[in-house]
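Novice: Chains as they are written, first to last, in our numbering: chain A, 1 to 208; chain F, 1001 to 1320.
Among these hints, one or two may not hold up.
Quick look at which bits of chain A chain F covers, simulated, 3 or more residues with Cβ under 8 Å [unchecked claim]:
1) 11 to 22
2) 33 to 46
Far from chain F, by Cβ distances over 10 Å, these chain A residues were calculated [claimed, not checked]:
3) E6
4) G60
5) A146
No lab work stands behind these hints: they were computed from the structure.
Just so you know, even glycine gets a beta-carbon here, dropped at the ideal spot from N, CA and C.
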Amino acid sequence: MTSKNETKLGYVIAVVCLAVGVLLYGTLPAEPPETPVRLMFQSAAGKVLFDHQIHMDRYGLSCSDCHHADDDDSALPVSCSDCHKVEAEYVPALGAGGKFNHDAHSMDFGFDCADCHHMGDEGASHCGDCHQPGVDDESMPGRTQAFHSQCIGCHEDMGLTPGAGDCAGCHIPRKRAEAFHDQCMGCHENFGAGPAMDDCATCHGYGK
Amino acid sequence: MHSAIKLTVSHAPFCHNGSRISAKSYNIMLASMLAVVPGFYFYGLPAVAAAALAVGSAMAWELVFNLISRRPVSIGDGNAALIGLLAAMLLPATVPWWIVVIATFIAVIIGKQIFGGIGANPFNPVAVAMAILLVSWPDYLDFNTALVHYQFDFEPVTYPLLMVKSFGADAVETMNWMDLLMGRQVGGIGTTFGIGLLIAGVYLMVRGYIRWEISLSFLAGIIITAFIFNKIDPESYAGPVFHIVTGYTLIGAFMLATEDSSSPVNFIPMLLYGALGGAFTILIRNVGLHVDGVIFAVLVMNMVNPLIDKIRPKAVGKVA
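Whenever a hint applies, use it, and build me the whole structure from the sequences.
Specialist: The structure is reproduced here in structure tokens:
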């Protein structure tokens, strides 16, 4: 092939390749699939590669096993980090900084103490003395369940919001790392499957 | 009397396989298709888009530089197209278009043309581009992140070299070397189908388009160094076969380390260049910061290439 013909061939290859490349980049969908296959979470401790599809297909988990249940089942789960911010501070619904307003409930809404509190129980000055965190049994619900039943039960009886499923109505969402750690490792521990709490690198080993 | 005419020449010896540069470029491109076409099959249209844009933009950059520097148009020699194709082969299929364009700009303009064009570049242009991309935009070149939306029929769906680096050799025990060779692994568009790269390499060596001394000694360097590491600590370091069939090893041995102007031309220097390149690759993989060491090993060897190429028999006789 002569040098002139080589150059002509070069022009043809360049134009065709550029056209194909630009056309394909312009037309290929930029949006990720509706249901993720895998997810790569960026984290200060190292990236975490989560196989969403295997958790769904092989372990038979439903959406609500990991995502907050939504009244509208057809709605797609929102991104976790929409609520669970990286730098968020966890604030309980009750107590300093919490969204629960005790004065409004007692004075403005006209509740008596006995509407919410056990009255006359000897030796119990705090709810947590009996309703202990993380301890649930048939005779004595744990603290989380007791508060949830109390608050949500009353709200639902009166048709008020926030109700069940509207976590952010009462709680400021936990910071992202805490929410993820509890979600992933809580489930792993329940099923006796690793990695667990003391095995950081197995999840966070996918690069910086 | 000395003549006033001065000729500028590079040092001997010179190699010529009897064919034109364009024949060499297009032969290497065609051979590479044995690995690229399976890549298109694995990764679909995004891989075609990246490869086409890489070849097209590399040739466009070459043409732009030809016009700006008022030199003859050189896209006919196919070297720019080859650079574009090799760059695309190393990239993940979902790489953004602007990374592709930057990669070919760095390879063609910074890696080749500013040194004087083909034959004058001291470093492999593709390796220069990839090194800059790896340092500047590592997230876009992270195969695990880039390919999260792909469904594959093999497990684990993770980049093998990262697995062994992060979790040790036990983590890749389930990976069968034949599966890896057949492309059942996560990687670049043209780097996962090892069988294709092997056939391409043999073809190019037999036809004389690449030097077998460099390719085979590069693979030998990988095998020997990986073997030593594996014998010392088999739990942490994978064996030589794993290193041969993963990452950029095969494309590095046949298409990157063998680039003409950045590699030696003498026999012993070629063996040394290849073997040390392979050894450096394993050193970087096993004890270095980067997951794959091929790109940086090739660049390091490019750097010492002029020195290594001085190792040759002394000329007989005495020069006055």
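Novice: Hint by hint, note whether the structure agrees.
Specialist: For each hint, the structure was consulted:
1. 11 to 22: holds (count 11)
2. 33 to 46: As far as the region 33 to 46 of chain A goes, the hint holds, because 6 residues have Cβ atoms under 8 Å from chain F.
3. E6: violated (3 Å)
4. G60: Holds: least Cβ distance 18 Å, greater than 10 Å.
5. A146: holds (41 Å)
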